[in-house]
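Using the hints provided, position chain B relative to the given structure of chain A.
Heads up: the sequence lines are chains A and B, in that order. Taking the numbering used here, the leading residue of the first sequence gets 1, the next gets one more, and so forth. Taking the numbering used here, the leading residue of the second sequence gets 205, the next gets one more, and so forth.
Wrong hints could be hidden among the right ones.
[As the list claims (entries may be wrong)] Distance condition first, Cα-Cα at most 20 Å in a straight line; then the derived EDC-like pairs of lysine to aspartate or glutamate:
{"id": "1", "chain 1": "A", "residue 1": "K193", "chain 2": "B", "residue 2": "D401"}
{"id": "2", "chain 1": "A", "residue 1": "K154", "chain 2": "B", "residue 2": "D401"}
{"id": "3", "chain 1": "B", "residue 1": "K392", "chain 2": "A", "residue 2": "E101"}
{"id": "4", "chain 1": "A", "residue 1": "K33", "chain 2": "A", "residue 2": "E89"}
{"id": "5", "chain 1": "A", "residue 1": "K186", "chain 2": "B", "residue 2": "E373"}
{"id": "6", "chain 1": "A", "residue 1": "K90", "chain 2": "A", "residue 2": "D67"}
{"id": "7", "chain 1": "A", "residue 1": "K186", "chain 2": "B", "residue 2": "D367"}
{"id": "8", "chain 1": "B", "residue 1": "K392", "chain 2": "A", "residue 2": "E169"}
{"id": "9", "chain 1": "A", "residue 1": "K3", "chain 2": "A", "residue 2": "D197"}
{"id": "10", "chain 1": "B", "residue 1": "K207", "chain 2": "A", "residue 2": "E169"}
{"id": "11", "chain 1": "B", "residue 1": "K390", "chain 2": "A", "residue 2": "D163"}
{"id": "12", "chain 1": "A", "residue 1": "K90", "chain 2": "A", "residue 2": "D49"}
{"id": "13", "chain 1": "A", "residue 1": "K74", "chain 2": "A", "residue 2": "D103"}
{"id": "14", "chain 1": "A", "residue 1": "K186", "chain 2": "A", "residue 2": "E94"}
{"id": "15", "chain 1": "A", "residue 1": "K188", "chain 2": "B", "residue 2": "D380"}
{"id": "16", "chain 1": "B", "residue 1": "K330", "chain 2": "A", "residue 2": "D197"}
[Said to hold, decoys possible] Incomplete in silico selection of chain B near chain A, CB under 8 Å:
{"id": "17", "residue": "K361"}
{"id": "18", "residue": "D367"}
{"id": "19", "residue": "D381"}
{"id": "20", "residue": "S384"}
{"id": "21", "residue": "A388"}
{"id": "22", "residue": "C391"}
{"id": "23", "residue": "V393"}
{"id": "24", "residue": "G406"}
Hint data in this document are derived by calculation from the structure and do not stem from the laboratory. Glycine is no exception: its CB is placed at the ideal position from the N, C-alpha and C atoms.
2 protein chains.
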Amino acid sequence: MEKKGLLIVVSGPSGAGKGTVLAHTASKYPNLKYSVSVTTRAPRDKEVDGVNYFFKTEEEFQAMKKDGEFLECKSVYGKSYGTPRFYVEKQLGEGYDVVLEIDTEGALEVKNVYPDCVMVFISPAKRSTIEERLRNRSTESEEQIKLRTQSALKELKQAVFYDYIVVNEDAQQGADDIISIIQAEKCKVKNNKKFIDDLILGGK
Amino acid sequence: MEKKGLLIVVSGPSGAGKGTVLAHTASKYPNLKYSVSVTTRAPRDKEVDGVNYFFKTEEEFQAMKKDGEFLECKSVYGKSYGTPRFYVEKQLGEGYDVVLEIDTEGALEVKNVYPDCVMVFISPAKRSTIEERLRNRSTESEEQIKLRTQSALKELKQAVFYDYIVVNEDAQQGADDIISIIQAEKCKVKNNKKFIDDLILGGK
Numbered sequence: 001m002e003k004k005g006l007l008i009v010v011s012g013p014s015g016a017g018k019g020t021v022l023a024h025t026a027s028k029y030p031n032l033k034y035s036v037s038v039t040t041r042a043p044r045d046k047e048v049d050g051v052n053y054f055f056k057t058e059e060e061f062q063a064m065k066k067d068g069e070f071l072e073c074k075s076v077y078g079k080s081y082g083t084p085r086f087y088v089e090k091q092l093g094e095g096y097d098v099v100l101e102i103d104t105e106g107a108l109e110v111k112n113v114y115p116d117c118v119m120v121f122i123s124p125a126k127r128s129t130i131e132e133r134l135r136n137r138s139t140e141s142e143e144q145i146k147l148r149t150q151s152a153l154k155e156l157k158q159a160v161f162y163d164y165i166v167v168n169e170d171a172q173q174g175a176d177d178i179i180s181i182i183q184a185e186k187c188k189v190k191n192n193k194k195f196i197d198d199l200i201l202g203g204k
Numbered sequence: 205m206e207k208k209g210l211l212i213v214v215s216g217p218s219g220a221g222k223g224t225v226l227a228h229t230a231s232k233y234p235n236l237k238y239s240v241s242v243t244t245r246a247p248r249d250k251e252v253d254g255v256n257y258f259f260k261t262e263e264e265f266q267a268m269k270k271d272g273e274f275l276e277c278k279s280v281y282g283k284s285y286g287t288p289r290f291y292v293e294k295q296l297g298e299g300y301d302v303v304l305e306i307d308t309e310g311a312l313e314v315k316n317v318y319p320d321c322v323m324v325f326i327s328p329a330k331r332s333t334i335e336e337r338l339r340n341r342s343t344e345s346e347e348q349i350k351l352r353t354q355s356a357l358k359e360l361k362q363a364v365f366y367d368y369i370v371v372n373e374d375a376q377q378g379a380d381d382i383i384s385i386i387q388a389e390k391c392k393v394k395n396n397k398k399f400i401d402d403l404i405l406g407g408k
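For reference, chain A alone in the conformation it holds in the complex (with noise of 0.2 Å):
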């Protein structure tokens, strides 16, 4: 099939568990890269230039932001974030499947760019599992708590403007979903119409 691999966003709440699907995800399918984004914030220990995410000044990210290079970027406390596009197509070019895990504000900034990528959001399978999760990680006080299950029950409601929906009641089986997501992806024909062109007229 097309050489060219997909690229996969993926959103979902706070608490809905997107790390450990994604971590399972791409322990079972090895094809699968991360996106490394751009970041005017300083490196923490062990973080490194080009693994961890790409460390730029502020200087040289308002460049890239105006040269389009960003499939979305934001700030967040005085800081900018940012998926580069040079990286992500030098992934999809050599074949890799890229998954981006950004909020659902970058996620539609990225459907709006870039059509093509496919739209995961992962959920709990309970709407109270939020609050459990992030109650049960956190240090923070009842307020801040309170805030986070507000935003998170407010990132719930752009579920609709996905493709797919991954329920996280088992992280092994929501990697499985992705996995079966991208394969499908791979299957459809609006993503096999060189193979299907060369088909149809005898080129194979």
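Using the frame of chain A, we list chain B on its own:
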């Protein structure tokens, strides 16, 4: 997720190996049921009514057709064949995924009356395989093989109207592709509206 099964319409030219791929699929994925057709031809040895076919008289068949009881139907050499809506809907309602192996003409009829069906085209990897396979398995005249090959190549051109194309280079891989397609379709947001509504509204 939602309990209702998927209707999977499978077509492909003679010589593509549809039967083998579907047999592997069914043995790996027990939730799959074959649709049983209605026919006016006489039962052959060991054929059981309700298992291989539903055997009907021409009058019964025409009455069913008039009542819109077929998802698609046609006549070949004076005998009639049809896909009974009641049988398909009963299996789907019980949560089974139903596979319907029909020609491209019938497939497009089904899509028309049942737009939620998933259309899968099984194709050989090479155009030349079609003639080779027809030649190998056939005891027919050169003229008949040529006619069958032409008709198979005509079927190939219909691939563009399908959702997915499964290339049968290896029947096991073809079966895995079909199972992935079913799995992915079950994750589609449009097939999980009720789950998402419940999640957002707090029903879950």
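Hint by hint, here is what the structure shows:
Taking the CA atoms of A:K193 and B:D401, the gap is about 35 Å. The hint is violated against a cut of 20 Å. Of the pairs offered as hints, the one joining A:K154 and B:D401 holds, with about 13 Å between alpha carbons and a cut-off of 20 Å not exceeded. Proximity of B:K392 to A:E101 is assessed by CA-CA distance (about 19 Å); at most 20 Å being required, the pair is judged to hold. For the hint linking A:K33 to A:E89, the alpha-carbon distance of about 12 Å falls within 20 Å, and the restraint holds.
For the proposed pair A:K186 and B:E373, the alpha carbon gap of about 15 Å is at most 20 Å, so the pair holds. Note on A:K90 and A:D67: the hinted pairing holds, with a Cα-Cα distance of about 17 Å set against a maximum of 20 Å. For the suggested pair A:K186 and B:D367, the alpha carbons sit about 11 Å apart, so the restraint of at most 20 Å is met. Taken as a hint, the B:K392 and A:E169 pair is honoured in the structure, with Cα atoms around 17 Å apart against an allowance of 20 Å.
Taking the CA atoms of A:K3 and A:D197, the gap is near 16 Å; set against the 20 Å cutoff, the hint holds. With a CA separation close to 17 Å, the supplied pair B:K207 and A:E169 stays within the 20 Å bound. Pair hint B:K390 plus A:D163 holds up; C-alpha atoms about 11 Å apart against a cutoff of 20 Å. Distance check on the hinted pair: A:K90 and A:D49 sit about 17 Å apart at the alpha-carbon level, within 20 Å; holds.
Restraint check: the Cα-Cα separation between A:K74 and A:D103 comes to about 11 Å, which is no more than 20 Å; the hinted pair holds. With a C-alpha separation of about 15 Å, the suggested pairing of A:K186 with A:E94 holds against the 20 Å cut-off. For a cut-off of 20 Å, the pair hint linking A:K188 to B:D380 stands: about 14 Å separates their Cα positions. A distance of roughly 12 Å separates the Cα atoms of B:K330 and A:D197; the hinted pair therefore holds under the 20 Å criterion.
The restraint placing B:K361 at the interface with chain A holds, with a minimum CB-CB distance near 5 Å, inside the 8 Å limit. A cut of 8 Å between beta carbons decides the hint on B:D367: the least distance to chain A is about 6 Å, and the hint holds. At about 5 Å, the closest approach between the beta carbon of B:D381 and any beta carbon in chain A falls short of 8 Å, and the interface hint on this residue holds. Annotation: interface hint on B:S384 holds; nearest CB of chain A at approximately 4 Å, less than 8 Å.
For B:A388, the interface hint holds, the least distance from its beta-carbon to any beta-carbon of chain A being 3 Å, beneath 8 Å. With a least beta-carbon distance of about 4 Å to chain A, the hint placing B:C391 at the interface is held under the 8 Å criterion. A distance limit of 8 Å between C-beta atoms decides the matter here; for B:V393 the minimum to chain A is near 5 Å, and the interface restraint holds. Annotation: interface hint on B:G406 holds; nearest CB of chain A at approximately 6 Å, less than 8 Å.
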